[in-house]
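Asker: Spelled out from the first residue to the last, the chains are:
2 protein chains.
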Amino acid sequence: MDLKKYLAEKKRVIDGALEKYLPEVEGPARDLVRAMRYSLFAGGKRLRPILCIASAEAVGGRQEAVLPAACALEFIHTYSLIHDDLPAMDDDELRRGMPTSHKVFGEALALLAGDGLLTEAFRLLCSGDLLAHIPPESVVRVVELVAEAAGYKGMVGGQVADIQAEGKPADKETIDFIHSHKTAALITASVVAGAIMAGGDSGQIEALRTYGKGIGLAFQISDDLLDVEGDTEAMGKTAGSDERKGKATYPAVVGLKRSREIQNKLVREAVGALEAFDQRANPLREIAYYIVRRKK
Amino acid sequence: MDLKKYLAEKKRVIDGALEKYLPEVEGPARDLVRAMRYSLFAGGKRLRPILCIASAEAVGGRQEAVLPAACALEFIHTYSLIHDDLPAMDDDELRRGMPTSHKVFGEALALLAGDGLLTEAFRLLCSGDLLAHIPPESVVRVVELVAEAAGYKGMVGGQVADIQAEGKPADKETIDFIHSHKTAALITASVVAGAIMAGGDSGQIEALRTYGKGIGLAFQISDDLLDVEGDTEAMGKTAGSDERKGKATYPAVVGLKRSREIQNKLVREAVGALEAFDQRANPLREIAYYIVRRKK
Chain A
1 MDLKKYLAEK KRVIDGALEK YLPEVEGPAR DLVRAMRYSL FAGGKRLRPI LCIASAEAVG
61 GRQEAVLPAA CALEFIHTYS LIHDDLPAMD DDELRRGMPT SHKVFGEALA LLAGDGLLTE
121 AFRLLCSGDL LAHIPPESVV RVVELVAEAA GYKGMVGGQV ADIQAEGKPA DKETIDFIHS
181 HKTAALITAS VVAGAIMAGG DSGQIEALRT YGKGIGLAFQ ISDDLLDVEG DTEAMGKTAG
241 SDERKGKATY PAVVGLKRSR EIQNKLVREA VGALEAFDQR ANPLREIAYY IVRRKK
Chain B
1 MDLKKYLAEK KRVIDGALEK YLPEVEGPAR DLVRAMRYSL FAGGKRLRPI LCIASAEAVG
61 GRQEAVLPAA CALEFIHTYS LIHDDLPAMD DDELRRGMPT SHKVFGEALA LLAGDGLLTE
121 AFRLLCSGDL LAHIPPESVV RVVELVAEAA GYKGMVGGQV ADIQAEGKPA DKETIDFIHS
181 HKTAALITAS VVAGAIMAGG DSGQIEALRT YGKGIGLAFQ ISDDLLDVEG DTEAMGKTAG
241 SDERKGKATY PAVVGLKRSR EIQNKLVREA VGALEAFDQR ANPLREIAYY IVRRKK
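Those protein sequences? They're chains A and B, same order as listed. The numbering of the first sequence is my numbering, which starts it at 1 and goes up by one. The numbering of the second sequence is my numbering, which starts it at 1 and goes up by one.
Be aware that one or more of the hints could be misleading.
Copies of one chain are not kept apart here, so a pair can be met inside one copy or by any two copies together.
Listed next, the in silico BS3-like pairs over lysine-lysine satisfying Cα-Cα at most 27 Å (straight line) [stated by the list, open to error]:
(1) K20 <-> K172
(2) K296 <-> K265
(3) K103 <-> K247
(4) K103 <-> K245
(5) K296 <-> K247
(6) K5 <-> K168
(7) K295 <-> K11
Don't read these hints as lab results, they were simulated from the structure. Since this is a predicted model, take the numbers as computed values, not measurements.
Using the sequences and the hints given, assemble the complete structure.
Answerer: Structure representation (structure tokens):
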């Protein structure tokens, strides 16, 4: 299959749906929605929504049916980036080659744009657009799953560990905790959510959970590696910033060579977990390999 | 009925449930959960969860059945206070007589504690504890309702309008928008959510929505009035701070006398909306009158 074409086509569909689910507004909420949209349309790869759709399709589901949930996952990812970039957090001025939210809209509006995206994600997950296709029993399972992955037991917990590890010598256990919570948790939930909504059986859901955990961690390791080896222009953010900030990263803890070995092993195991799936899981397999070779 | 006793008893039950739903943890999330709990147990009145329970009981529902949802509403209210107090927002050092979250835990942890509470609220709304009593069809309606009330079309939108109105001469339309979005939206959703979960019919739900809007706005007006006339010690926050910050308030726009008149009218209309309800709605009626006379 042509993965590049696949990813571009999915991104086009997702961008259209995001536009539908967060249109510009007039009136007192105009600036807030403008700030929410600025970060939402700042050139993301749409990895989480694509994984959600690809997972649904791998168990026989339809893209249209899970699209609102896929968009909700991108809302949550975008909120986390906005809050992560704030001066009180990573204090980043550049994201995907563009000024960060608080640089454009000020800290208060950036903070509230993040809050607005997170909250709207859960509204979208329980909106009529999703419930027209997915039974409420599955929707509540997805909300619980996604909220747990995004919350203090998942992504937010990972953010705290990330901040607390800054400037200290990190060990493998710490970096595994940070990466599996800060990044892999929401990626795993995206994959599992797609399978739940599409009516996958418990064996399929468990296999996809294993796949999600593997590629989620591999994805964060490639982020770490790109920060060391990557090109500032291609990435749209400044290379080497992890080291300057004293961030706990895989290369810093286990070295470049071992990081690549671990990453390759994770991807092999992720693809291995999909053994029982037919060719409809090929996009998931290709995405796993893509994660290792991506340049931005 | 003895409202004071009623409120104290409900608060006791809710505090017990909050303790159950957010216990202390060890490990990397320890400090985060500590920060979440610090604000959650900082002496709130539990107005939103009490309204949710009282509304459920007014249509024949049971307190135990809606308790997880009631707690989720308090999580959302608490998150909004933490973010509202941040330096980039209202920059408050004192809340309910205690140092605000960022004063105790630093800005990063305060921000993430808010994010964690908001996200956990939605997990709790779709948790097995609620679904053991409430059908998933009702749960998804409640999530959509609460998320809309808390998000950019509701509370977050009101926060933005509040900030943007600061230091400018406000008119009645602006102050009505701010108060109805920043405060009344989540209070209304709390009341309506209780009725939906308890299986209230559409007539009951609409009557309770009218009640919620009325007392929600009346509650924010009493907040404004207390800031002018109240006692710093009783309130646990500094009186007169709205004027110093140039906040848009009812007294500033329409004067003290007219503010009290509007407030009394709102409460009369709110209680009037409950005409068709029997004595099980007495707590809601009493809470409406209490909102006008409260001293903190």
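Asker: Hints first: check each against the structure and report whether it holds.
Answerer: We went through each hint and held it up to the structure:
Neither within a single protomer nor between protomers do K20 and K172 lie at most 27 Å apart by alpha-carbon distance, with minima of 43 Å and 33 Å respectively. Only within a single protomer do K296 and K265 lie at most 27 Å apart by alpha-carbon distance; the minimum there is 21 Å, versus 60 Å between protomers. Both within a single protomer and between protomers do K103 and K247 lie at most 27 Å apart by alpha-carbon distance, with minima of 22 Å and 25 Å respectively. Proximity of K103 to K245 under the C-alpha cut-off of 27 Å is found in both arrangements, the shortest distances being 19 Å within a copy and 24 Å between copies.
Taking identical chains as interchangeable, the C-alpha atoms of K296 and K247 lie at most 27 Å apart only when both belong to the same chain, with a minimum of 19 Å there against 45 Å between chains. Taking the shortest Cα distances, K5 and K168 never come within 27 Å of each other, neither inside one copy (42 Å) nor across copies (52 Å). Taking the shortest alpha-carbon separations for K295 and K11, only the intra-copy value of 18 Å comes in at or below 27 Å, while the best inter-copy value is 55 Å.
Checked against the numbered hints given earlier, the structure breaks hints 1 and 6 and satisfies all the rest.
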